[in-house]
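Colleague: Sequence:
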Amino acid sequence: MSYTTLRVVETGIWLYEEHAKRLGPNPKIQYAFEAFAAAATPGIYALTAKGDQLDVSARDRSMLFDLIPLTYATSPVLNRNGLFEKRVSPCEYDAVRQAGIATLLTSADGNEIYEASVASVLAWDGTSLVAVPTDRPRTASTAEAWITRHFKFRRSPL
Numbered sequence: 014m015s016y017t018t019l020r021v022v023e024t025g026i027w028l029y030e031e032h033a034k035r036l037g038p039n040p041k042i043q044y045a046f047e048a049f050a051a052a053a054t055p056g057i058y059a060l061t062a063k064g065d066q067l068d069v070s071a072r073d074r075s076m077l078f079d080l081i082p083l084t085y086a087t088s089p090v091l092n093r094n095g096l097f098e099k100r101v102s103p104c105e106y107d108a109v110r111q112a113g114i115a116t117l118l119t120s121a122d123g124n125e126i127y128e129a130s131v132a133s134v135l136a137w138d139g140t141s142l143v144a145v146p147t148d149r150p151r152t153a154s155t156a157e158a159w160i161t162r163h164f165k166f167r168r169s170p171l
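Under this note's numbering, the first residue of the sequence shown is numbered 14, with each subsequent residue one higher.
Source of the hints: derived by calculation from the structure; they are not laboratory data.
For glycine and all other residues, C-beta sits at the position ideal for the given N, C-alpha and C.
Treat the hints loosely; a few may be bogus.
[What the hints assert, rightly or not] Beta-carbon label-pair distances, calculated as ranges:
| # | residue 1 | residue 2 | range |
| --- | --- | --- | --- |
| 1 | G64 | S169 | 33 to 41 Å |
| 2 | N124 | Q66 | 38 to 46 Å |
| 3 | L83 | R167 | 34 to 42 Å |
| 4 | R72 | N39 | 21 to 29 Å |
| 5 | A121 | A71 | 34 to 42 Å |
[Stated by the list, open to error] The list that follows gives simulated cross-link-like pairs (lysine to aspartate or glutamate, EDC-like), each with its CA atoms no further than 20 Å apart:
| # | residue 1 | residue 2 |
| --- | --- | --- |
| 6 | K63 | D79 |
| 7 | K165 | D138 |
| 8 | K63 | E98 |
| 9 | K34 | E98 |
| 10 | K34 | E47 |
| 11 | K99 | D138 |
| 12 | K165 | E31 |
| 13 | K34 | D68 |
| 14 | K99 | D68 |
| 15 | K99 | E31 |
| 16 | K34 | D73 |
| 17 | K41 | D73 |
| 18 | K99 | E30 |
| 19 | K63 | E31 |
| 20 | K34 | D79 |
| 21 | K99 | D122 |
| 22 | K41 | E30 |
| 23 | K41 | D65 |
With the sequences and hints as input, model every part of the structure.
Modeller: Here you go:
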């Protein structure tokens, strides 16, 4: 099963290629995704690929917004290694998600930030973007994939 959450604007789906990759190579799913993209109206949607079926559900709003309050918690996926597919709820992330708050998910000792409960994380060191090393346990991000493909960056612990 593959899962993604995306935003549709007047000009189409933000990060279209990354969401298509996340949904996987199944031609029936890709066809359904293309059909959804052609007819979708602006909004936030959750898409789940199950076998040859693509389920689409509208969301009221994004879980991420400008100036969102922050908190910290130990990552609930420390038992994983590296990047993995986005998880549909119910999942480990439910324990650290709070409406209207982005929880920065850290190493067990709290010295490194791996991701947020609602997004990937990037930093700016004054000269370039800094992305979390790929061996840290976290969800593979469509936004991070696009950004690191189009901009100069380096990977280093945050």
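Colleague: State for each hint whether it applies.
Modeller: These are the hints, each one checked on the structure:
no. : hint                   : in the structure
1   : G64 / S169: 33 to 41 Å : holds (40 Å)
2   : N124 / Q66: 38 to 46 Å : holds (43 Å)
3   : L83 / R167: 34 to 42 Å : violated (23 Å)
4   : R72 / N39: 21 to 29 Å  : holds (23 Å)
5   : A121 / A71: 34 to 42 Å : holds (37 Å)
6   : K63 / D79              : violated (32 Å)
7   : K165 / D138            : holds (12 Å)
8   : K63 / E98              : holds (14 Å)
9   : K34 / E98              : holds (11 Å)
10  : K34 / E47              : holds (12 Å)
11  : K99 / D138             : violated (27 Å)
12  : K165 / E31             : holds (18 Å)
13  : K34 / D68              : holds (16 Å)
14  : K99 / D68              : holds (15 Å)
15  : K99 / E31              : holds (12 Å)
16  : K34 / D73              : violated (24 Å)
17  : K41 / D73              : violated (27 Å)
18  : K99 / E30              : holds (16 Å)
19  : K63 / E31              : holds (18 Å)
20  : K34 / D79              : violated (27 Å)
21  : K99 / D122             : violated (24 Å)
22  : K41 / E30              : holds (16 Å)
23  : K41 / D65              : holds (6 Å)
The structure shown violates the earlier hints numbered 3, 6, 11, 16, 17, 20, 21.
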